[in-house]
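Here the structure of chain A is known, so what remains is to put chains B, C and D with the ligands in place on it, guided by the hints.
Protein chains in written order, with numbering that gives the first Met the number 0: chain A, 0 to 138; chain B, 0 to 138; chain C, 0 to 406; chain D, 0 to 406.
Possibly wrong hints are sitting among the right ones.
[Unchecked claim] Label pairs and their in silico Cβ distance ranges: (1) E9(A) <-> L20(C): 45 to 53 Å; (2) E148(C) <-> A94(A): 44 to 52 Å; (3) Q9(D) <-> R17(C): 54 to 62 Å; (4) E4(B) <-> R17(C): 26 to 34 Å; (5) A187(C) <-> P32(A): 40 to 48 Å; (6) A209(C) <-> R258(D): 53 to 61 Å; (7) Q61(A) <-> R17(D): 21 to 29 Å.
Think of the hints as simulated: they come from the structure by calculation, not from any bench. Bear in mind that the values here come from a model prediction, so they are computed numbers and not experimental data. C-beta: ideal position from N, C-alpha, C; glycine also.
Residue-level listing of the chains:
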Amino acid sequence: MSLLEELYKEILLRHYKRPLNFGVLENPTVRQPGVNPSCGDSLELELRLEDGRIAEAAWKGQGCAISMASASLMSELIKGQTLPQALELARKFKAMVVEGAEPAPELGDLRALAGVHKLHARVKCATLAWNALEEALKP
Amino acid sequence: MSLLEELYKEILLRHYKRPLNFGVLENPTVRQPGVNPSCGDSLELELRLEDGRIAEAAWKGQGCAISMASASLMSELIKGQTLPQALELARKFKAMVVEGAEPAPELGDLRALAGVHKLHARVKCATLAWNALEEALKP
Amino acid sequence: MPLTLESIRQDFPLIAGRPDLVYLDSTASSQKPQAVIEAMSRFYRESYANVHRGAYSLSLAATDAYEQARHTLARFIGAEPEEVIFVRNTTEALNLVAYAWGLHNLREDDEILLTEMEHHANLVPWHLVARRTGARIKAIPVTPEGRLELAALDELLTERVRVVSLVHMSNVLGTVNPVVEVARRAKAVGALVVVDGAQSAPHLPVDVKALGADFFAFSGHKMCGPTGAGVLWGRAEVLQDLPPFLGGGDMILEVHLDRSTYAKPPQRFEAGTPPIAEAIALGAAAEYLMGVGMERVWQHDRALLEHCLARLDAELPEVRTFGPRGEDRGGVVAFSLGDLHAHDVACALDQHGIAVRAGHHCAQPLHRKLGLASTARASFYLYTTFEEVDRFVEGLKQVREFFKDWL
Amino acid sequence: MPLTLESIRQDFPLIAGRPDLVYLDSTASSQKPQAVIEAMSRFYRESYANVHRGAYSLSLAATDAYEQARHTLARFIGAEPEEVIFVRNTTEALNLVAYAWGLHNLREDDEILLTEMEHHANLVPWHLVARRTGARIKAIPVTPEGRLELAALDELLTERVRVVSLVHMSNVLGTVNPVVEVARRAKAVGALVVVDGAQSAPHLPVDVKALGADFFAFSGHKMCGPTGAGVLWGRAEVLQDLPPFLGGGDMILEVHLDRSTYAKPPQRFEAGTPPIAEAIALGAAAEYLMGVGMERVWQHDRALLEHCLARLDAELPEVRTFGPRGEDRGGVVAFSLGDLHAHDVACALDQHGIAVRAGHHCAQPLHRKLGLASTARASFYLYTTFEEVDRFVEGLKQVREFFKDWL
Ligand SMILES: Cc1ncc(COP(=O)(O)O)c(C=O)c1O
Ligand SMILES: Cc1ncc(COP(=O)(O)O)c(C=O)c1O
Chain A
0 MSLLEELYKE
10 ILLRHYKRPL
20 NFGVLENPTV
30 RQPGVNPSCG
40 DSLELELRLE
50 DGRIAEAAWK
60 GQGCAISMAS
70 ASLMSELIKG
80 QTLPQALELA
90 RKFKAMVVEG
100 AEPAPELGDL
110 RALAGVHKLH
120 ARVKCATLAW
130 NALEEALKP
Chain B
0 MSLLEELYKE
10 ILLRHYKRPL
20 NFGVLENPTV
30 RQPGVNPSCG
40 DSLELELRLE
50 DGRIAEAAWK
60 GQGCAISMAS
70 ASLMSELIKG
80 QTLPQALELA
90 RKFKAMVVEG
100 AEPAPELGDL
110 RALAGVHKLH
120 ARVKCATLAW
130 NALEEALKP
Chain C
0 MPLTLESIRQ
10 DFPLIAGRPD
20 LVYLDSTASS
30 QKPQAVIEAM
40 SRFYRESYAN
50 VHRGAYSLSL
60 AATDAYEQAR
70 HTLARFIGAE
80 PEEVIFVRNT
90 TEALNLVAYA
100 WGLHNLREDD
110 EILLTEMEHH
120 ANLVPWHLVA
130 RRTGARIKAI
140 PVTPEGRLEL
150 AALDELLTER
160 VRVVSLVHMS
170 NVLGTVNPVV
180 EVARRAKAVG
190 ALVVVDGAQS
200 APHLPVDVKA
210 LGADFFAFSG
220 HKMCGPTGAG
230 VLWGRAEVLQ
240 DLPPFLGGGD
250 MILEVHLDRS
260 TYAKPPQRFE
270 AGTPPIAEAI
280 ALGAAAEYLM
290 GVGMERVWQH
300 DRALLEHCLA
310 RLDAELPEVR
320 TFGPRGEDRG
330 GVVAFSLGDL
340 HAHDVACALD
350 QHGIAVRAGH
360 HCAQPLHRKL
370 GLASTARASF
380 YLYTTFEEVD
390 RFVEGLKQVR
400 EFFKDWL
Chain D
0 MPLTLESIRQ
10 DFPLIAGRPD
20 LVYLDSTASS
30 QKPQAVIEAM
40 SRFYRESYAN
50 VHRGAYSLSL
60 AATDAYEQAR
70 HTLARFIGAE
80 PEEVIFVRNT
90 TEALNLVAYA
100 WGLHNLREDD
110 EILLTEMEHH
120 ANLVPWHLVA
130 RRTGARIKAI
140 PVTPEGRLEL
150 AALDELLTER
160 VRVVSLVHMS
170 NVLGTVNPVV
180 EVARRAKAVG
190 ALVVVDGAQS
200 APHLPVDVKA
210 LGADFFAFSG
220 HKMCGPTGAG
230 VLWGRAEVLQ
240 DLPPFLGGGD
250 MILEVHLDRS
260 TYAKPPQRFE
270 AGTPPIAEAI
280 ALGAAAEYLM
290 GVGMERVWQH
300 DRALLEHCLA
310 RLDAELPEVR
320 TFGPRGEDRG
330 GVVAFSLGDL
340 HAHDVACALD
350 QHGIAVRAGH
360 HCAQPLHRKL
370 GLASTARASF
380 YLYTTFEEVD
390 RFVEGLKQVR
400 EFFKDWL
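Pulled out of the complex, with its shape left as it was, chain A reads as follows (with noise of 0.2 Å):
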């Protein structure tokens, strides 16, 4: 399997062409922006947080299929967890595409963008959201 086989999955796929939580909350309690400034690609991530726990969450941009997936999949992944949490999630899954880590059970759909490790350019589109997840969260 080439790496662009082994990295463009249909579960990849799926997420392109319908994101999940694509849009906007209507009474966020976070508002964060995130650019890639190497391609302009950006988003913006809205959350709201209640008794310490990501209630829900929501993002819009433009980006390639790998910002965007990780993007939607994301998106997923942290309804409803802790701030501890999401920000042990967003170590576990930057410990797997920036240093080619073992991927994390818990990151569930999200291993499909292991391979973005090897295709070290897509490093920036994988981590996009999540690096406004990681803004949105600090103190």
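Then chains B, C and D with the ligands, alone, in the frame of chain A:
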């Protein structure tokens, strides 16, 4: 004879030790500073122009043997010359030290500086006073 | 031996040594001929010293080589050596003009006229200066074909416009702008004319005197030269009265603790130890290009472009290209494939050994106008072959096939 | 194989290839080891591409190499990579601080505190900024021995002083200034502290964190690296809020026609295509120096200096040297021979193959204080031998003999 001996001749030593026309004029009609930015040497040339001739010339400054001797000899040579004659002398002097042209007889003792051409580094020293002269005579 | 495309390719070690690679990113930066690489190494191995201020032979030889490079670059663009200022790149050159001229001359409500197709290098410096001076920025629009909307000039070129700064050849559209005409009209209202020549100097014959501009900026690394050296050309009369930009050694006459006076141009604008080896190597690059002939470089780019566009038009209807169709267009093909994102396309092409750039190419306003966040871009140079263009087209077809469910 | 002086000399092609030459001008610029020259050529031959913005492998590899160099330079001075900004040279680094920080923060009657031993690179940028802002310049005096008059600090360091900018090691006197103490006292009045490390970074171990400064500037070409690349180090907290200096590509977040937002440091301060090959080669230079060990470089300089001064003192009473005698002095010997002008002396030494510099060494105010328009200067580096110092002393004796009637 070494390049050095060829250049540092008796005649230059005389002008270096006892520069001619060193000082200021009583009533100069032109006063022109000159700087060699590469070493910081500077001089001030004063001229009294009368009826299209250089009636008097004086200069003051500090610099290396080459620049001092050149200024001293020049100040002596240009006295009594018309402006076009003085500019022509400047041209001939520069041709000699910058381009290595055959020394013109009109340059008199200044021909002792012909060796400067081979000691490239000293061209700016030798031409310091002459550049000031050309500036001073600019219309 | 006549200069053939094959012999030119042999001059570039990276091109000759990587037959697997189809390098189509010369607009971002060009590869380097051995003559340039060697000019630099030889200088370091055999005659390196700092320039100016040196009373010994080695330093004088270095100074001569550096000043010789200035002469060569002057010849390359039809200028006088005293008008050639060595800088790092086009970006620094344009900042020099914006700061030195702009901070000194712009007042509140003065206008700066740019174009919608500018590279960030010709936008951001003006933003910085506008904010400090209260001047305002306007832009000549770009037509749907990718040309400047000259009809808008009448209205835009008011007496308030103090400077018109525009790109000679767009790094996205490939458009070669009618600089002579814009300059003439800008001069009629007394505006300074600044030209971003980052793409024109490497790709077409340039005669700065004929352009009618006051400043012309370009980068060495895009024209077979090393990184770290570029040129700002300034018309002698304009440089004469231009205050300095960077302060430091070599640009001064007299320095006191609290004030200083400045040297003549070009020294006034070269503060500190210049990129000596880089300028010398850039001289070698200009010699190399003049050896090939800039008209020939331009015609080669043009031929590759026409071939590429013809094939894309005929065989890849899903590919949309940007930029004008005509003689006023150089060898740059920005494109999109269906709704696929440029990054996905470029990354897939890279898997086939085809190197194209993806992104906004430092022209966000232009991309906003095109309605896209980014495009992919293939660009050609004197070492590019028709076969490489064919490999690019075939590669694109494979990418289309790979992404067929995504399109 | 242990690193011997002879093996070090073999690493430098120009030194090894010119046994006739005694190169004593490393303070102006150093020679380059083969490892540095080769790092640069290899990059151009094998893996050249523009950095950032590249979606293809070649560009990514170039970006990695460039960022790797940033890490190496950070390690070289004990900093974080995000604090390392690649610039052309010390001069540009100091201008960056003066413009970006100074134009933004200085107000009328604010004070800028410099010293009497500054290089023009640390004077002229402040003159330019002072003129625009109305700030005033003061200077810490230099004692007759060539040290900073620290006793004057109490009076000079008023609450009005917003910035103290000083040289770490003087390029004329060789003095290593007590930066830690000056920085501590400057901080006490809330001033920004800027250090000109052009001579210290190449010649002694530097730990920027320990210095207590906010900025530290140095040039690659004086530390075995190529021309065209230098470093501005800035403390992370200071860089965070610093407005940009040069505008253009790669330093932005979002660009509109008339305004833009900026990237985080260090990108915010690196506009346009950086000196890519130069930064990579500078990384190789830093590796080379760390391989030798900076403490060893310093001790070698010191030993040569003591040997040189001892012989000059004993054998050439007509020679006057400048700079302090003590541990706080590096391998720089500025001198005069009787009333002879420095140019005459340097030119005569050059005839014996001995390369020393003559002039004001870009320190006119200091020379004015010394009462001289210029001095000659011999300076040492890791490849300088005791035998070369001896040849210098013997050469000077011959020059004295030649000029005996002139003295
Ligand atoms: C103390 C000092 N500061 C600044 C500079 C300027 O360095 P550069 O010319 O590399 O900018 C030098 C070297 O000339 C120097 O010795
Ligand atoms: C049209 C144009 N202007 C300016 C630049 C900036 O050039 P540099 O990055 O060499 O400063 C470029 C290249 O990126 C360009 O294509």
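A187(C) versus P32(A) beta-carbon gap, inside 40 to 48 Å or not = Holds - the Cβ-Cβ distance for A187(C) and P32(A), about 44 Å, lies within 40 to 48 Å.
Outcome for the supplied range 45 to 53 Å, where the beta carbon pair is E9(A) and L20(C) | violated (31 Å)
Cβ-Cβ distance between E4(B) and R17(C): within 26 to 34 Å?
-> Between E4(B) and R17(C), where Cβ atoms are some 58 Å apart, the hint is violated.
Given a hinted range of 21 to 29 Å, is it respected by the beta-carbon distance of Q61(A) and R17(D)?
-> The hinted range 21 to 29 Å is violated for Q61(A) and R17(D), with Cβ atoms some 60 Å apart.
Could you tell me whether the CB distance from Q9(D) to R17(C) stays inside 54 to 62 Å?
-> Since the Cβ atoms of Q9(D) and R17(C) sit about 33 Å apart, the hinted range of 54 to 62 Å is violated.
When you take the CB atoms of E148(C) and A94(A), is the distance between them in 44 to 52 Å?
-> holds (51 Å)
Has the hinted range 53 to 61 Å been met by the Cβ atoms of A209(C) and R258(D)?
-> Check failed, 35 Å falls outside 53 to 61 Å.
Checked against the numbered hints given earlier, the structure breaks hints 1, 3, 4, 6 and 7 and satisfies all the rest.
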